[in-house]
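Following the hints, position chain B with the ligands against chain A.
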Amino acid sequence: MADDIKKAGPDRRSVLKGSALAGGVGAMLATNVRAAQDGEPRAAAAVSRIPVSLSVNGQTRDVSVDTRATLLDTLRHDFELTGTKKGCDHGQCGACTVHIDGERKLSCLTLAATVEGADIVTIEGLAKGDALHPMQQAFIDHDAFQCGYCTPGQIMSAVALVKEGHTGSDAEIREYMSGNLCRCAAYPNIVAAVKQAAPQMGDA
Amino acid sequence: MRPFQYERAASPARAVSSADAGSKYHAGGTTLIDLMKLDVWRPERLIDISALKEPRMTRIERNGKALRIGSMVTMAALAGDEGVRRSCPVLTDSLWLAASAQLRNMARLGGNVLQMTRCSYYRDTSYDQCNKRAPGSGCAALDGSNRHHAILGTSDACIATYPGDWAQALIALDAVVEILGKDGPKSVPFATLHRQPGNRPDVETTLAAGDLITAFVIPDADWARSKYLKIRDRESYAFALTSAAVALRMDGDAVSDVRIGLGGVATVPWRATAAEAVLKNAALSEDTAQQAAEAAFAGANTLEHNAYKVELGKRTLVRALMDTAGMEA
Ligand SMILES: Cc1cc2nc3c(=O)[nH]c(=O)nc-3n(C[C@H](O)[C@H](O)[C@H](O)COP(=O)(O)OP(=O)(O)OC[C@H]3O[C@@H](n4cnc5c(N)ncnc54)[C@H](O)[C@@H]3O)c2cc1C
Ligand code: SF4
Ligand code: FES
Ligand code: FES
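Going down the list, the sequences are from chains A and B. Read in order, the letters of the first sequence are residues 6 to 209 in my numbering. Read in order, the letters of the second sequence are residues 11 to 339 in my numbering.
For reference, chain A alone in the conformation it holds in the complex:
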């Protein structure tokens, strides 16, 4: 998108400048317009692409990505795995949590280029066929969501938390789930779901 704006002529810029832009996209556009006005844009650096081999949910695919592409956008756009959600895109909410080589990480702050060869698991990779992962079932059993937007990240985080061994008390579960925000505040139900699933998980 940034590139579209840079290519646009002065007319498009002044139209944008004059219109009341609201929301995330508007703010992004406005930032670009401002940079242009400051006479700052360096000779538009060429977009750089890089081939990467990504292993997602057990399947390996070779893709060519813009060096700027995050793992989050690559999963959603190139792999069409839209279970992983974009909340803040800045590491603050946990909605984009995936497992990389068995550890929970934020896909919004991970460049796709940096995970070449890594073993990536998303929410789509948890169930075994039609059998839900015990954590997915526990979230349903305990109504551990309302709108559901944060849920894939919550579940990925919760599965990792159990494997890390942080289920000693409700307080410990809350502390180690604090990187996953829930605007619907399903927190007590999420803690209950984690406690149900933990002893059922085994090596799952």
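By construction, these hints were calculated from the structure, which means they are not laboratory data. Fair warning: this is a prediction, and the values are worked out from it, not measured in the lab. Any given hint might turn out to be false.
[Claimed, not checked] Calculated pairs, DSSO-like style, for lysine-lysine (alpha carbon to alpha carbon, straight line, at most 27 Å):
1. B:Lys290 / A:Lys91
2. B:Lys63 / B:Lys75
3. B:Lys75 / B:Lys196
4. B:Lys196 / B:Lys34
5. B:Lys75 / B:Lys290
6. B:Lys196 / B:Lys63
7. B:Lys192 / B:Lys75
8. B:Lys63 / A:Lys168
9. A:Lys91 / B:Lys75
Only chain B with the ligands this time, still in chain A's reference frame:
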């Protein structure tokens, strides 16, 4: 985000020789990618050091009292080290009380100490005034919303808080930074790594272009009586409003040695030497702890919204001292 070239470093030496004014190292990426998305940082090239496997950069090693921690070690890995938790809990606490489990799995300790201020005017390019981001443009925080800003080590040009937690433990424990530079390896005291803003808030550190942090060495890491107390707006997953890293050695009620780092209140990792002087060889009590806290904040400069940090900072330090004294040695 602006386009950039990406390369994976084959070795520390190759990373250093490849670095130039337009490049940045990529460790965990959690500060770097965030600021690039915000268009605050605009590197032309990223040198990815995250997969470097050199033992000197990836290991936690103990040699007698000394602890050597590779710069590529993750926050989670050091926080989970049981030996360190027993011998020097302030190092552990200042990590698990920081960021989130996901971020701690990503973030490397080299990148951790170089994290940037969370000053909202620095992070938002729609504000014209920010001397750190655009030198000479002014400082929007001085008469803006400065509730989170620093009260120690500030200047007329910048009052941005150094936001990190682990650095407060490092500065308290006299850590040394091992660096591979263009001219070869060197070591510098951690206390000289960060620069107070003065009239050049855009120059954050004393690192030269291309300097690669390879490890942190804590010459004496035997502080069983040590802790990190962090006060936040919410109970978890927030930056410090005030914090204290405290390490004590006691001889009965008397303090035979004490180290104090303060977070959330200063422009750089902050060693409270005046407070340490008050306590050294004194009997530790609420009274002497309070005197130490007065000394620690004697030079505070407050603005419209951050004056509360003086009282909160003092109480944080007093509580940290008394709690630490009560720990099993
Ligand atoms: C939502 C959120 C909440 C957070 N909360 C906290 C908190 O409560 N407490 C806290 O302390 N931190 C917090 N952080 C900050 C976090 O700890 C840092 O972003 C992280 O530690 C940086 O490490 P990194 O490996 O990701 O660094 P990167 O982003 O990869 O690098 C950061 C900087 O260091 C440079 N660099 C990296 N490694 C080296 C090296 N070896 N030698 C030389 N230069 C190097 C990079 O070029 C870059 O300039 C938070 C971050 C986020 C996004
Ligand atoms: S406090 Fe520093 S970082 Fe914040 S606006 Fe002022 S100059 Fe910029
Ligand atoms: S989208 Fe990644 S943390 Fe919010
Ligand atoms: S269920 Fe709506 S944000 Fe968590």
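Verification of the hints:
Simply put, B:Lys290 and A:Lys91 have alpha-carbon atoms about 51 Å apart, too far for the 27 Å limit, and the pair is violated. Only pairs whose Cα atoms come within 27 Å are accepted, and B:Lys63 paired with B:Lys75 is accepted, the gap being roughly 25 Å. For the given pair, B:Lys75 sits about 22 Å from B:Lys196 by alpha-carbon distance, which is consistent with the 27 Å threshold. Between the alpha carbons of B:Lys196 and B:Lys34 the distance comes to roughly 20 Å, so the proposed pair stays at or under 27 Å and holds.
Among the hinted pairs, B:Lys75 with B:Lys290 is consistent with the structure: their alpha-carbon atoms are about 22 Å apart, no more than 27 Å. Of the pairs offered as hints, the one joining B:Lys196 and B:Lys63 holds, with about 20 Å between alpha carbons and a cut-off of 27 Å not exceeded. For a cut-off of 27 Å, the pair hint linking B:Lys192 to B:Lys75 is broken: about 31 Å separates their Cα positions. Using a Cα cut-off of 27 Å, the hinted pair B:Lys63 and A:Lys168 holds, with the two alpha carbons roughly 25 Å apart.
Between A:Lys91 and B:Lys75 the alpha-carbon distance is near 45 Å, which puts this suggested pair outside the 27 Å criterion.
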